[in-house]
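Heads up: the protein sequence lines correspond to chains X and D, in order.
375 is the number that the numbering used here gives to position 375 of the first sequence; each next residue is one higher, with no gaps.
940 is the number that the numbering used here gives to position 327 of the second sequence; each next residue is one higher, with no gaps.
Misleading hints may appear alongside valid ones.
[Stated by the list, open to error] Pair by pair, the computed Cβ-Cβ distance ranges are:
id, chain 1, residue 1, chain 2, residue 2, range
1, X, LEU600, D, ASP674, 58 to 66 Å
2, D, ARG984, X, LEU524, 46 to 54 Å
3, X, LEU552, D, ASN767, 46 to 54 Å
4, X, GLY590, D, TRP643, 48 to 56 Å
5, X, GLY572, D, ALA769, 36 to 44 Å
6, D, ARG1055, X, THR589, 55 to 63 Å
7, X, VAL609, D, ALA769, 35 to 43 Å
8, X, TYR546, D, ARG984, 49 to 57 Å
9, X, HIS581, D, ASN767, 14 to 22 Å
10, X, LEU526, D, ASP973, 43 to 51 Å
Hints in this document: simulated from the structure, not taken from any laboratory.
Every value quoted in this text rests on a predicted model; they were computed, and no experiment measured them.
Glycine is no exception: its CB is placed at the ideal position from the N, C-alpha and C atoms.
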Amino acid sequence: MLKLLCLVPFLPLTGFLILTCSEGRLPRAYVPWIGAGSVGLSAALATSLAFELMTLEPDTRVFRQTLWHWMAAGDFGVDFAFYLDALSLNMLLVVTGIGFLIHVYSAGYMADDPGMARFFAYMNLFVFAMLILVLADNLPLLYLGWEGVGLCSYLLIGFWYEKPENGYAARKAFVVTRVGDTAMALGLFLLFSQLGTLDIQEAMSRAGAQWPAGSTLATAAALLLLGGAVGKSAQLPLQVWLPDAMAGPTPISALIHAATMVTAGVYLIARTHALFTLAPEVQTLVAVIGAITLLISGFSALTQTDIKRVLAYSTISQIGYMFLALGVGAWSAAIFHLTTHAFFKALLFLGAGAVILSLHHEQDIFRMGGLRRSLPLVFWTFLAGLAALVGLPFTSGYYSKHEILLTAYGAGSAGSWLWAAGTAGAVLTGLYSTRLLLIAFFGPERTPAHRHYGSNIAAPLVVLAILSLAGGLAKLPLFPALPETGTDQAGGSPSLLTTAAPFLGVAIGYLVYRTGTASAEALLKLPGSEALRRLWFSGWGMDWLYDRLFVLPFVVLARLNEADAIDQPYRGIVALTRLGHRLLVPTQTGQLRRYAAGMLFGAVLILAVGVWA
Amino acid sequence: MILLWLILVPLIGGLLSLPAGRRRDNAPRWLALAALAGETALLLAVFADTVPESTWLAQIDWAWIPRFGIRIHLALDGLSLLLIALTVFLGFVAVLCSWTEIRERPGFFHFNLLWTLAGVIGVFLALDLFLFFFFWEVMLIPMYLLIGIWGHENRAYAAMKFFIFTQVSGLLMLIAILALVFLHYQTTRTLSFDYFELLEADLYPGAARWIMLGFFVAFTVKLPAVPFHTWLPDAHTQAPTGGSVLLAGVLLKTGAYGLLRFVIPLFPGAAQDFAPFAMTLGAVSILYAAKLAFAQTDLKRLIAYTSVSHMGFVLLGAFAGNAQALQGAVMTMLAHGVSAAALFMVAGALQERLHTRDMDAMGGLWTLTPRIGAITLFFSVAALGMPGLGNFVGEFLVLLGSFRVDTVLTAFAALGLILAPVYALYVMQRAFHGPASRHEVRDFGLREMGVMLCLVTATAWMGLHPQSMLAYTDAMMNGLTRTLAQRGT
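Okay, chain X solo, but in the shape it has when bound (with noise of 0.2 Å):
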């Protein structure tokens, strides 16, 4: 049974493939059935395969299959292979189970899109690629799913490609994570370099045997590392690309920018965790990212007008989460809140997809108002996706992010700082989402809704809103692919002002938004305060700050340049020789005179040459 992994990434490539032979010129009606089809296959079998490796003894739940042999030079060599424990399980079921969903979603929102088969496409595609990015055995094939879920995710950011803006975006988010991705492929010359094997589980010993914990080789490893993750994942630095990445159809910012794609860095770190237990240094570095990019992205969200860039904030705060929990060495812990993460995150998108279905792609939440009475449905779900999100008492998000603020408290020295910054963002998620569901969801109706969707839309958002209040009950254990969190869990008061921080973020937004927006304008009025929602409006500048840095040198340097240089001497030459002609020409005039009279000058001159050298 089993064997039958290798068929969980392969369904949706075969759905791919015939979705781009077929050359569009298959019925509409097969479209979603082939491509949601592909997929929900893949989730059937990857949940039986769940229960066969669940039931085997924790010891021994690893399978490993081998395809064929990819490459091999010299004394480098890796399969095509495929590696299966609880973590790799964990993602495939994330990855299947709210793929799945979404495509069915999918098959309602996309219903009258003329590229729906396109559409279809690059989604079976991007599965694919991340469940190749999960089930790798070796870096080189994880770095495979790596680069083939950003290409599926610039061909779908830019799926509506007439507008040229919607291609900048996607590009703008191919190149960033590209950057990210170069440091991780370096990261992959030096432990091949060092360990002689690019095999995770291998290399992950060997690491451990060949190298003290502290040592350079480990740090420079682990730093590079890094760099892919959180290219990948939208965290400091690299996070710029995620908020324009919401020019894509909503679906796609569920499934790839929210619940899947943008957690591989997570995953990648999770996976390698040997690796950056060997290097404390990186593993503090992680969690201070995380824990600057889950305060800088929570007030960014705070000051965002269009739905989808305050759930895309909100998803680059989230991530900084697991970032913290990846970084206080709470492992299991970042992948539960990965897992939950997705659940709930999923559902917001695919609830502001429903929205902005029915408001004819409106997407300003100052123009909505009002769709608690016209769209209950979304409503409710949409609500049990803020409970989550904000970590509200006995909702998944809830265990999953207390679990990580507690680990926090208890890591070392700069423990109960981390854990101020990550309640300090938990007070903010919870006045955002306040913010987003008074506005969006509350008072006038500033935007007429019709109600514009089927049972395949609904039916994903109340699977998910089930999911996002229950699924914290549902936690895979994970050990011993991932070692278990130290259980000095602090209790106490700070448990207590855990819990408490969400409801006083609620409270604040309930006070500030309850009768509408007069009171956050009044808050704009006072001194400065226009300054700082501008810069937190803007993702505090960092947009800017890189158009200045990199873009623009490099257009400027290229448009300089643009006749290369390096041609100058060459056409030098080619002016020389060119004089050289024009100047001898005249010579050439027929006249035999002027011929004796140059034969007779030359010979003089040789003579004389010749007498009185």
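Here the structure of chain X is known, so what remains is to put chain D in place on it, guided by the hints.
Chain D in isolation, oriented as in the chain X frame:
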């Protein structure tokens, strides 16, 4: 004997297509296809009775000009086999993509095309240095004519530039060959141009360095690498599509082949001393050409610069000199051959339809020509180094190998991985995305899609199962690393 036929078949095919072209326009096309089919049959026969592990798969060695020790010495190993297979494959592509484009003097066109192929195959087979030089010239002149006669608006300039660059570098190589032969004669008193004989030549380091440089410059002009690359954008831009396909797909590879076959084995010590400089040139080529590619508005010129950038990886890999880097260089040669040929075919098809190569005059083509769009997307993505496609395997192995030799330089060269999507995706944006700018453009038809699907399959195959090719060059590359290890110290 089979090796001689490999060269003779295209030569004869070329001669026959001259009179054939006078009768019917399509006759030389079919004749060229028949000649290439014959080549394929010969190659299949070679493939059938070889084991990838052995070094020399077939040889012939006949006397030619015994007085000067010049022989007709042809030999085939895994590297030449793969490159000849690539040559024949792209020969088909070149014939098929010229089917409607070339209307003037098709007989003479196919004569030149087939003779170029014969010259290239000869270069890949010759193990006598004089014979090698002979084939080096044979492939040059028909190519010059292809550009000069069937090229675009500025063809005379481009053809002349191509000719002079190659000829000057060829002269350097001739001098280097003669110097090598005479120095060998001084110590052994036998006059020989034979490769295996000269491998044993005992040169003092100073002489080896200069002779090596002669070869090196000749091959890096052909490759091309910065600062000898400036003939390439002009030649590519002006060449007809079939010419560009051969130029990018095959002719550039002769430079890389020369580095691997001659420069490193003949002068391992000098090559190793020179390696840091050559690797730096490679890294500079990668980055500089990528930046220039981004700046271009002419689609063919842009692709030409990306070729320079990718060949930088070959230069880097060849001189890094370990098994990973060398195998990576070979994979890059093969994969780039296919992907660049496909991209030039796209550019040619667009020019045939839109009568412009200027990307500013394109835009929104995806709506009208989804097939061309999808194919361009595929090969742009291949060119930017997407894992699972051939180009990635080459670049990954090159960087993996060179990282062991020079960490800092490799990190520098790896910046090329960031610049590649910058230009590759910009092409997609400018030509295919955005609002539709025209009304009606013909999409790829059956013939073009057939060719393209072959190229797509080849690229995916190289990316997913590169081992089926790497196995053929494994023996040679291991020999090369051993040579470097023994004599380089």
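Consistency of the hints with the structure:
A beta carbon spacing of about 59 Å between LEU600/X and ASP674/D agrees with the range 58 to 66 Å that was offered as a hint. Distance hint check: the CB atoms of ARG984/D and LEU524/X are about 53 Å apart, consistent with the given range 46 to 54 Å. Checked against the hint of 46 to 54 Å, the pair LEU552/X and ASN767/D fails, with Cβ atoms roughly 33 Å apart. For the hinted restraint 48 to 56 Å between GLY590/X and TRP643/D, the CB-CB distance of approximately 53 Å keeps it satisfied.
Roughly 20 Å separates the CB atoms of GLY572/X and ALA769/D, a value that falls outside the hinted 36 to 44 Å. Separated by about 57 Å at the C-beta atoms, ARG1055/D and THR589/X satisfy the suggested range of 55 to 63 Å. Against the hinted window of 35 to 43 Å, the Cβ-Cβ separation of VAL609/X and ALA769/D comes to about 41 Å, which satisfies the hint. The given range of 49 to 57 Å is broken by TYR546/X and ARG984/D, whose C-beta atoms sit roughly 36 Å from each other.
Between HIS581/X and ASN767/D the C-beta distance comes to about 20 Å, which sits within the given range of 14 to 22 Å. Separated by about 49 Å at the C-beta atoms, LEU526/X and ASP973/D satisfy the suggested range of 43 to 51 Å.
Violated hints, listed in ascending order, are 3, 5 and 8; each of the other numbered hints is respected by the structure.
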